[in-house]
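J.: The lines below spell out each chain.
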Amino acid sequence: MTVVAFVVFSLLYLTPGDPAAVIAGDAATSDDIRRIRANLGLDEPFLIRFGGWVWGLAHGDLGTSIFTHLPVTHLIAQRIEPTLSLTLCTLLVAVLVAVPLGVIAAAKAGTWIDRMVMAFSVLGFSVPVFVLAYILILVFSIELDWLPVQGYRNIHENFWDWLRHLILPSIALGTVYMALIARITRASMLDVLAQDYIRTAQAKGLAPEAVLVGHALKNAAVPIVTTIGIGIALLIGGAIVTETVFAIPGIGRLTVDAILRRDYPIIQGVILIFSGAYVLINLAVDLSYMVFDPRIRY
Amino acid sequence: MTNVSRYIAAIVAAVVITMLPVLDAAAQQKVLKFIPQADLRILDPIATTAYITRNHGYMVYDTLFAMDEKFQVKPQMVDKFDISKDQLTYTFTLRDGLKFHDGLPVRSADCIASIDRWSKRDALGQKLAEATEAWSAVDDKTFRLKLKKPFPLTLEALAKPSSNVPFIMPERIAKTDPFKNIDDATGSGPFKFVKAEWVPGNKVVYVKNTDYVPRKEAPSWASGGKVVKVDRVEWIYIPDSATAAAALNAGEADWWEQLPPDLIPLLTRNKAITVKNIDPLGSMGMIRFNFLYPPFNNQKMRQALLYAVNQQDYVIGIAGDAKNGHPCYSYFTCGTPLSSEVAAEPLKGKRDFEKAKQLIKESGYKGERIVIIDATDQPIVHSQSLLTLEMLKKLGLNAEVQAGDWGTLITRRAVKEPPEKGGWSIFHTWLVGPDMVNPAVNFPIRGTGDKAWFGWPTDAKIEELREVWFNATDASSSKKAASAVQERAFEFVPFVPTGQFILPTAYRSNISGVIIAPVSFLWNVEKK
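Chains as they are written, first to last, in the working numbering: chain A, 1 to 298; chain B, 1 to 528.
Chain A extracted, bound-state conformation:
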């Protein structure tokens, strides 16, 4: 994390752009910008600014937004729920749809069902998130008037409204993820289904569903779980586009807006938090291998 902090701070220090110029507005003069920069402490040398930031971090303070004057922790706290909701719903939708599809495709390998699943998978990979998002909005929000176009409701305000606002974004974001998981599940299942112990289970007279889920799927789980873990990074990247199209006030949009305005404390804070989260997710994925494959021990 120390390396991440140093690299992030250094890169932003070297990036062209000046928040003082953004604050001053179009009519400002060079002198106005210089005075604003001095007020914000942006004219301080690198080491002093970096030291100040690290000192704040050591005290649990990620700093304050240059523009809104709101604490970065407050801004991230405001945005974490929408992003977490979107990510979890997407994950849920993707796993609930993709794993059964992959299992069915593997069980019916070579049939029209398999080909349909693979065609869906290729389509899911190929259609950009924003195109799918616009199509979903057009059909389900404009034409059918079933679901809202944009926005987000907090889960504690109204659970159903929260869910309604997440359906289209989750499908839009989740499609590429579904395609990925479905393919990996199919490939992994095909490997496992060719194993001797599966033939033995079938020979014992076990029901096909029990063989597929109880024996094959459990043994195929490690690569699937790895893909889900890696995919979370993919999701965070995709969430930026989804949050923009559906006007969801999440972390992705917070980051993009901050980058466009050069709101350094927000960019630094978000990258640092997400680096930490990514490390934890990878750790959780690694630990979960022990559940699916008892042979794995750390």
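Hints were generated in silico from the structure; no laboratory data involved. Check the hints yourself; a few may be wrong.
Covered stretches of chain A (in silico footprint by chain B; criterion: 3 or more residues with CB under 8 Å from a CB of chain B, positions within the stretch not fixed) [as the list claims (entries may be wrong)]:
#1 18 to 27
#2 44 to 52
#3 239 to 251
Even for Gly, the Cβ is constructed at its ideal location relative to N, Cα and C.
Model the placement of chain B on the given structure of chain A, informed by the hints.
T.: Structure of chain B alone, referenced to chain A:
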């Protein structure tokens, strides 16, 4: 039922339940959902000239005076005022019942502190400050301005309609360094800012200020009665314009402040939506030069561009359709009292590339590289940049566009290095009509060198002519002096105007009372 069927049935049931309409407690209130032109990031309308912050200012603050649609100055917070015969003393008395959102009354001290802070940032305010001997409070409701010399634009300055607007804040806030952002939006205006519900990048919430005492007159621009007819206003910032259009179409938003040209036909097709030009002054595009380095440190080079720029192309490029703008051969906003076509011949009529090439030759152009800095995330800037590049290439000039985002452009334009060392030759921007109506507010026209706007032109003559205009005492001499400024501008060419354009607004048919003005004011607006 098999396991698979149960599984599918459960998913379908969950989806159907979520599609049922949800009763909203807020529906009991009259909530105006407004999609603003930009995201509100800075709350201080004095520390920045950003139009979105100016618009926020109009929501929460009030002004001493305001300009109406006939460009007449009208009292707003002021009840009565008196000007001494020698034009050196102005005495103002505040209206009864003016209160800040924290419940405290508006006092003379608040007004004086606010004007003082504003006059340290605003160009017209600085001019007023130069002429000011002292502001003093007579009592809590009456205050006085003593001038060193008559300043005929005193009331116009206090009624300035666009950035920076002299909004009145409580003294405790107005004492803040004008180069430091305030984050307390306590004003005395018709709406109260709800900071607890502010989600930067997404939502800004205002509620009706029930203590606000509107004037009796009908609203006209920023003047007259600011009667609030909704309980709550939500600014919903939707960064993606296709989503914003869909939200308006679906009734999730009531009003979209500024439409991108390509979406106008889509919204016009919906009978429940009114697409309208409510901004009588629109905005003015411009090509700005760097006066420090060749080739645009040469007047003939700048003049050459006057013969080549086709404003009609720029208007279509920016606004998508000739209906959304028109050429404006004036350095002052067309449709306002000081605009004219005095000395505008080089910019008007058939484009004369031969004349332009002749001027380039006379300028001694040696093939220096012309760097146009562009912001691809700003369609108005980007379209102008591409048109200018094409025009310069047609003129045989060594030009290139260096693209970035707006954040990079506004940083880079402050760089005084030569173009080949990270500097620039040309950038494009635009200003709203009220910011170019006269020589006082039209800052790109100025020639104060290092202290001038980016590009840093030095032109003592235009400054002299501007002073003459400041001292004009009646409409006729003011017009004459402004014409002289324009004549000089067409000779010196501080920038090339690229036309006047209007980005229309769109609102649903249950909305009425929208005020025709250069700023989207949200008072008087009714939602049925």
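J.: Taking the hints in turn, state whether each one holds.
T.: Hints and how they fare:
1. 18 to 27: holds (count 8)
2. 44 to 52: violated (count 0)
3. 239 to 251: The restraint on the segment 239 to 251 of chain A holds, since 5 of its residues have a Cβ under 8 Å from chain B and three suffice.
Violated hints amount to a single one, hint 2; each of the other numbered hints is respected by the structure.
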